[in-house]
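4 protein chains.
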Amino acid sequence: MAMTGVLRPGHIQLKVLDLDESVEFYSNVLGLTETGRDAQGRVYFKAWDERDHHSVILRQADSAGIDFFAFKVDSCATLDKLEKDLNAYGVATRRIPAGELLETGERVRFTLPTGHDIELYSKKSEVGNGMSDVNPEAWTAAAEKGIAPIRLDHCLLYGPDIEKAQAIFTDVLGFYLVEHIALDDSQDLAIWLSCSIKAHDIAFVRHPEPGKLHHVSFLLESWEKVLRAADIMSMNRVSIDIGPTRHGVTRGTTIYAFDPNGNRFETFCGGYQCYPDNKPTKWTMDEVGAAVFYHDRKLNDRFLTVVS
Amino acid sequence: MAMTGVLRPGHIQLKVLDLDESVEFYSNVLGLTETGRDAQGRVYFKAWDERDHHSVILRQADSAGIDFFAFKVDSCATLDKLEKDLNAYGVATRRIPAGELLETGERVRFTLPTGHDIELYSKKSEVGNGMSDVNPEAWTAAAEKGIAPIRLDHCLLYGPDIEKAQAIFTDVLGFYLVEHIALDDSQDLAIWLSCSIKAHDIAFVRHPEPGKLHHVSFLLESWEKVLRAADIMSMNRVSIDIGPTRHGVTRGTTIYAFDPNGNRFETFCGGYQCYPDNKPTKWTMDEVGAAVFYHDRKLNDRFLTVVS
Amino acid sequence: MAMTGVLRPGHIQLKVLDLDESVEFYSNVLGLTETGRDAQGRVYFKAWDERDHHSVILRQADSAGIDFFAFKVDSCATLDKLEKDLNAYGVATRRIPAGELLETGERVRFTLPTGHDIELYSKKSEVGNGMSDVNPEAWTAAAEKGIAPIRLDHCLLYGPDIEKAQAIFTDVLGFYLVEHIALDDSQDLAIWLSCSIKAHDIAFVRHPEPGKLHHVSFLLESWEKVLRAADIMSMNRVSIDIGPTRHGVTRGTTIYAFDPNGNRFETFCGGYQCYPDNKPTKWTMDEVGAAVFYHDRKLNDRFLTVVS
Amino acid sequence: MAMTGVLRPGHIQLKVLDLDESVEFYSNVLGLTETGRDAQGRVYFKAWDERDHHSVILRQADSAGIDFFAFKVDSCATLDKLEKDLNAYGVATRRIPAGELLETGERVRFTLPTGHDIELYSKKSEVGNGMSDVNPEAWTAAAEKGIAPIRLDHCLLYGPDIEKAQAIFTDVLGFYLVEHIALDDSQDLAIWLSCSIKAHDIAFVRHPEPGKLHHVSFLLESWEKVLRAADIMSMNRVSIDIGPTRHGVTRGTTIYAFDPNGNRFETFCGGYQCYPDNKPTKWTMDEVGAAVFYHDRKLNDRFLTVVS
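Protein chains in written order, with my numbering: chain A, 6 to 313; chain B, 6 to 313; chain C, 6 to 313; chain D, 6 to 313.
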């Protein structure tokens, strides 16, 4: 969590082309837990070890992609303060009423220069992780249903003006830069930002078209769980983009794959612990391959071009 | 890091009976990197992936145990503010001048009701982790020298009045309670406190004698590294207290073992990510065994009695 | 498999005190697959990746322990030859008719000087591992039902005259000695014998009382699966004897635990590949602790005394 | 080991273009132990846990590729018998005198219809694995020098007439077919053969040009060691062909990479235990992708075309 009171990535709303097929995928292949459906037909999910009501919302749409990505903050007071700080910084916001998302309080939404809608909120019903809060076991059967990530980890967004997005996250919301790929001395191709001790809570790649999703990432516990995820993808004929492999950036291990709609998702493990007093790690364009895919040390064609 | 600006455990000073034997142990068996020696004869170490000058200081003494445990804060301003906050809370502090520890700025020290000296500081020279901050590799040879933990993780301290220590950490320093073992309805046997998203940055067990160290803990990357640590302990005839096993509390995997002086240390992996909005997990005395050693579900004799 | 045509451990018949409770345990906690019940009331199980009809048979009895342990041989001709070889070596045999065990051909049974009944057989119905033999997947849901060992691996038997048992296995059946613990220059405390490239297919410990079972061992794929097994044991309140840990002998990783009847079982991973041209590894009594439990380097009280 | 007395893959002689560069690679990146050099300038290596004098021999040559692949047999009598059996089967053999390879007895060499030279031998000096044969530790520092495979595992050879090679291995040498990819009802694209309980000791792919090497494979202990191998490859700018991934065939985990000469090698882990009574697994051409690379379910261009 950031010193501003921003806690963590709280939810992402994804657009899907075929809701039924997608629900099947997110439930049984990715292994999220369905927690509700609303009057609009949206379907809500949480990862098994998350305690709040949901972290992924699927909405039927004519194209794949992302509607919005949200961060939970620690209190209503923080929500109010950050809204004022955003406005003072020149970022327009609007309030989404409590209940517009199931079991979720009022949200403050703003649009980044990259074209993405970001939300802050402070209230969501705690439904627990399926284990008692008195004398719990170490895990439950839900930890082995499908890929079964522990939690929503981060997302990587593609759009223009990423330095302006970075400024909002660092100057107003209390994030800090952990790693970056420098296009040249004056600008970055990509930036990884943290509001905690995770190597990234959100990341951006410079891209001409605004508002695009490169991937949403889910956390796994171990490299062996990454192998298990790849096996389950194969069994279910999920299209794997790349992996299992390691990123140079964050050192995390990873698989990129596509949901049935073409939304890329990541099953991610690791990433070093970092703190805002650490000097950011810089990657140069001659080593961009190693930055992204550490083992192969070269990008595949899809990394910079395929987004949803 | 806490919203107050407390970042992380920064260093521990340990008392050792035979400095040479201990330096050999911490260097070649535990696999820390020696970074300096001072005029008092103290020897400084860091874990390989830490970036600041040191996290462990060994001091020759007549008994084993802990001199002090310190947290880094994000700025001088935070250091000043927290000192004032502590004083306002009724906690006396004193300043240790910059340079008293090598490469370290001024420290604010205070004594907990449990009898332990805790320090805050904001400056320590960044010496890096042995890898370039431009286009780094994933790890270095230092990651395989001895047990080679990634970093100092936390410590568990034994003493009286742990609720008063808890109050200082939560009310003043911005920590929050993650798990606790309830002796009865009115008081806890043990508390685990976090200033970050780690399952613990410091922990306490109620104990009649003040100022005792149960263990200092070092972070490993994987359960397989825990096995490797146990192997290296065996090869070097290190006295293992228990493990490899899992804790119920934090769900982390662990080995407890003893340095040549009888100071218990832990090689620890995992622990779930937690946030201050999570409801604390409570353990009751009938399940204290599972809380501490999840697999055996019973305490060994040493857990509550052997401290240094 | 041995050059004599002895292939592998094929089945063990265990005595259990409460059949229903035991079936529940072997099915849902250990995670074997029930494959049949016979007219005597015996219940048959296989590990998920085994292809023959069964490897574990439970029989209700007044005491726990082992009825017999069997090896599959490659053909009827081998079965006939080995029976003649056993008889020529002075070992009496008797034929158990085909069908006495479900889906199993004729068995040749003999009693070791240690008091254990050993069987050879060449026919058992192949039921497969639940995956197609054309274009199979990597594993099935059965691989995650309970502890879910891959296969029956070996057993460790306690009794007198282990050198005479060793002679039968090595001189007649084509096994070879892989490791041994020497009591003194003239006799062994324990011997590990292989008929393959596994570090052991059967093992013996010298013990005054004949015909006792120390443990039956089941194979796991990885150290992470050993952790998962320990977690599942804890969740199901299985009594763990020791582990997770490593053996010095074979270097395998292990948990010893008890079924509801007091029969010890092992969930085992690894063990080096060995061949009959390798010099056996010898352990001396001053290092017997490290031989058995490599990390602790000392025996627990139960290892030499608790058998069924 | 086979019932014929064929024990295991014993050595491979590889052709390299630059001996010094190759020695550096095999010593410090792959992490084999150099054990000798002979008068011809050949350099000998063993994997750390192998006990015989060598398993890899490098010979400076004008092109990359394989000179010969050898199997150790259990005795001189077996060597003589198998030579006679080969001759009786119509396979010409010739004797290479003892000492032609360092520390190695007489070898029986024959050429397969695929164009590869295969050798049998029964004697090679046992030099041990660097650990005592009395009260050994679990591993040594050599286990972490470079990639540090445990042992030579198998090789995959490309050439014509693979069914004739299969016949020699199964009819004469006692191997059995474990898996195969069927080109059509009458012939196979690829075959995997075992003389033990390993999923393969040698394998062949049908290919018009005789005598080609697809890869030589080295065994690792765990999927985490596979990750470590990939990291070390990246650090040393080794060209990775594919991986870390899993094979459908054998279910083993794998990386294919190239030595500095273009000889492909594999770092391999796992593969199920198999026995000659198991029904072979068949793959059809529509699933050849999954057979070879289970996660991607498609071949890369290099698999069928790049050999040395």
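Derived from the structure by calculation, the hints contain no laboratory data. Hints should not be assumed to be uniformly reliable.
Since copy identity is lost for identical chains, a pair holds within one copy or between any two.
To be verified - With a cut-off of at most 27 Å between alpha-carbon atoms, the simulated DSS-like pairs for lysine-lysine come out as follows:
(1) K287 with K86
(2) K128 with K284
(3) K20 with K86
(4) K303 with K86
(5) K287 with K20
(6) K86 with K169
(7) K89 with K20
(8) K150 with K217
(9) K287 with K128
(10) K287 with K217
(11) K89 with K303
(12) K150 with K284
If the cutoff is 27 Å on CA atoms, where do K287 and K86 land: within, between, both or neither? Let me know, please. neither (32 Å within a copy, 33 Å between copies)
For K150 vs K284, is the C-alpha pair at or below 27 Å within one copy, between two copies, both, or neither? between (39 Å within a copy, 25 Å between copies)
Could you place K287 and K217 in one of the four classes (within, between, both, neither) given a Cα distance threshold of 27 Å? Within one copy only: 24 Å inside a chain, 43 Å across chains, cut-off 27 Å.
Can you tell me if K150 and K217 fall within 27 Å by alpha carbon in one copy, between copies, both or neither? neither (30 Å within a copy, 40 Å between copies)
For K89 and K303, with the copy left unspecified, which applies at a CA distance of at most 27 Å: within, between, both, or neither? For K89 and K303, neither the intra-copy (43 Å) nor the inter-copy (52 Å) Cα distance is at most 27 Å.
Which holds for K86 with K169 at a C-alpha limit of 27 Å: within a copy, between copies, both or neither? within (21 Å within a copy, 31 Å between copies)
Could you place K287 and K128 in one of the four classes (within, between, both, neither) given a Cα distance threshold of 27 Å? between (36 Å within a copy, 23 Å between copies)
With identical chains, the pair K303 and K86 could be close in the same copy or across copies; at 27 Å between alpha carbons, which is it: within, between, both, or neither? neither (43 Å within a copy, 48 Å between copies)
Between copies, within a copy, both or neither: which fits K128 and K284 at Cα up to 27 Å? between (34 Å within a copy, 14 Å between copies)
When no copy is specified for K20 and K86, does a C-alpha distance of 27 Å or less occur within a copy, between copies, both, or neither? neither (31 Å within a copy, 46 Å between copies)
Same-copy or cross-copy closeness of K287 to K20 [CA-CA at most 27 Å]: neither (33 Å within a copy, 39 Å between copies)
Please work out whether the CA atoms of K89 and K20 approach to 27 Å or closer within one copy, between two copies, in both situations, or in neither? Answer is neither: 30 Å inside a copy and 50 Å across each miss the 27 Å cutoff.
Going down the numbered hints, you'll see the structure goes against 1, 3, 4, 5, 7, 8, 11, while the others check out.
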